[in-house]
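Chain A is already provided as a structure; the job is to place chain B on it using the hints.
Residue numbers (this note's numbering), protein chains in the order written: chain A, -9 to 259; chain B, -9 to 259.
Heads up, a few of these hints could be off.
No copy is singled out in the list; a pair is fine if it fits within one copy or between any two copies.
Heads up, simulated DMTMM-like pairs for lysine to aspartate or glutamate below, C-alpha to C-alpha not over 20 Å straight-line [claimed, not checked]:
#1 Lys65 to Asp(-8)
#2 Lys161 to Asp133
#3 Lys73 to Asp(-8)
#4 Lys171 to Asp238
#5 Lys203 to Asp133
#6 Lys105 to Glu158
#7 Lys65 to Asp175
#8 Lys203 to Asp175
In short, the hints are calculated from the structure, not lab data. Remember, it's a predicted structure, so these values are computed and weren't measured experimentally.
There are 2 protein chains.
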Amino acid sequence: MDLILSENQYNLVYNSFSFVIASMGAALLFFLLVRNRVAPQHRMALTLSTLVVGIALYHYVRIFGSWNDAFSFTKGQFIQNGKPFNEGYRYVDWLLTVPLLLAELVVVLKLSSAKTRSLLVRLSIAAVAMIALGYPGEISAADSSARTLWAVASTIPFLYILFVLFVELGKSLDRQSGTVKKLVDSLRYIIVVTWGVYPIAYMLPSLIDDQAKAQVARQVMYSLGDVLAKPLFGLLVLGIALAKSREDGYVEAGTSEHHAMGTPEVVGS
Amino acid sequence: MDLILSENQYNLVYNSFSFVIASMGAALLFFLLVRNRVAPQHRMALTLSTLVVGIALYHYVRIFGSWNDAFSFTKGQFIQNGKPFNEGYRYVDWLLTVPLLLAELVVVLKLSSAKTRSLLVRLSIAAVAMIALGYPGEISAADSSARTLWAVASTIPFLYILFVLFVELGKSLDRQSGTVKKLVDSLRYIIVVTWGVYPIAYMLPSLIDDQAKAQVARQVMYSLGDVLAKPLFGLLVLGIALAKSREDGYVEAGTSEHHAMGTPEVVGS
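Bound-form chain A, shown alone (with noise of 0.2 Å):
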C-alpha cells in the first residue's frame, strides 16, 4: 500500500533530515577546529566524536535522498510510489557509530588499558548486537508479532550497556575530578534519555493506527535523537577532554598570556 503523506507531513521529514545534516556538518567542522585546544593525550575521544558526526553526515545526505526519491508529487499530496525508502542506512550507521560513541566515552576517562581494552571490547559486542537484533524488526510489518519480539531482543544488550556505564563505570570514576565526575554523570544521563527516544520511534508504526502520521513521527523522532546523541554528546565528551588538559596543565601552543605584564608568553609553533 502506498503511503500518502500531505505537503507539511512530507516537508517536516524533509526539514529535519535537512537540520540533521546541518547540525552533523557542522559538529564536523567545530571538532576539527577545536581540536589543538585539546591536549595531545586527550585527543582521541575528540577524533572519536570527529569520525561519528562524519559518518552520520554521509548517511543523512544518503537518507535525505532515499526520501526525495520515495515520493512523487501529484495533485498536492506527496505519495510514495517510487524506489522504497531505505531504512537501512540508520541501521548501517548505527552500527558504526554506536561502538563509536561508546569508545568516546571510555578513551576519554583515561583508564589502565587492561580496563579500557575489557569495556570497549564488551561494549562493541553489545551495542553491534542491540542495532543487529533491531533491524529485523524495523522492517517488519506494523502490526507484526515479530517487530514485538525483535524490540525484546535487542532491548537485553541496551539494559547490558546500561549496567556497565551505571554500575561497572561508576567504580571507575574515584580517581576522577569533581568537574569531570559531573560530566561523565550527564553524559550516562543523555545516553539513557536520547537512547530512550529511539525504542520509542521503532514502536510508533505499532502504536499509531495512522500509518502516514506513524512514519512522520518516527522519522523526526529518530532525526531529533541523532541529533542528541552524536553532536551533543560530542560535546560533552569534548568538556571532559578540555577539563583533563586544564588538570594536566595544558596550554595550546602560541598561547599568550593575558596578563603576563605586557610580554606575551610565546611558546614556538
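Positioned in the frame of chain A, the structure of chain B alone reads:
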C-alpha cells in the same frame, strides 16, 4: 538474461556498498587525524594506509552508482536492465591498493633499504600478476572452464606472496620487538583469511545455481573482504607504527605530563 532481485536482496548489496563507503571515509579521516601520534620516521606506512582507504572510497562511490544504474524498480522487484553493472572498478581498485597494502607491511618493518626494495619489487609484481590474471575469469560466463582456468593461474602469484610473507619475511622478524612480532603475525593471518574470502566470492557464480543469490553473496563478501583487508589492516599497521614510535621514545609535540608539578612541559612544534 536479466537478473531479478527481490527488494531485500537488492538492498542487502546496496547497504553493503554504503557501509563500505562509510567505513573507508571514516578510516580516511581517522588516519589523517592520528598522523602526529606516529614518529616521523614511521609515518610512511600510515601514509600508504591513508592512500589505500582513499582509493577504495573513490571506487566504492563508483561501484554504488553502477549498482544503482544497473537496476530498475518495477512491481516490487529490482530488474537488471539498465547499464551493465561494472565489475571492473574492483580490479582497478585492487591493481592500485594491493601493492600498496603489501608495501604498508614491508615499509613499517624498517628493514635494510636493499631488503625493502627487493621485497617491494617482487611483491608488487606478484600482486599485479594475481589481479591481472583474475580479471579475465571474473568477466567469463559463470559455468565456463575459462573462469576456473584463470582462477588457477591467479592463485600461483598469490601462493608466491604467501611464501614471501611467511617464509622469507619470517627470517627478517628476529630483530623486531615482541609487540611488533605479535602484530606482524596478526597482519599475516588477516591477509590469509581476508584474501581467502575473495577466491570464494570469485567462485560463487560457478558454485550456486541461483544467479541472483550468487551475485548478492559475491558482492556482500567482496565488500566485507575489503573492509577487513583495508581499514582493519591499516589499523594493525598503525599499531605497529605506534609501537615502534614508543620504542624510539617518541612523544607527540605538546603532550603534557600528568604529574609535572604544575609546570606545563610545553614542547615546541
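Right, here's what the structure says about each hint:
Taking the shortest Cα distances, Lys65 and Asp(-8) sit within 20 Å of each other both inside one copy (15 Å) and across copies (12 Å). Taking the shortest Cα distances, Lys161 and Asp133 never come within 20 Å of each other, neither inside one copy (43 Å) nor across copies (61 Å). In this assembly of identical chains, Lys73 and Asp(-8) lie within 20 Å of each other by CA distance both inside one copy and across copies; the values are 11 Å within and 19 Å between. For a Cα distance limit of 20 Å, the shortest separation of Lys171 from Asp238 inside one copy, 16 Å, qualifies, whereas the shortest one across copies, 34 Å, does not.
For a Cα distance limit of 20 Å, the shortest separation of Lys203 from Asp133 inside one copy, 15 Å, qualifies, whereas the shortest one across copies, 29 Å, does not. Taking the shortest alpha-carbon separations for Lys105 and Glu158, only the intra-copy value of 11 Å comes in at or below 20 Å, while the best inter-copy value is 38 Å. With identical chains, the CA atoms of Lys65 and Asp175 are never at most 20 Å apart, being 51 Å at best within one copy and 52 Å at best between copies. For a Cα distance limit of 20 Å, the shortest separation of Lys203 from Asp175 qualifies neither inside one copy, at 35 Å, nor across copies, at 48 Å.
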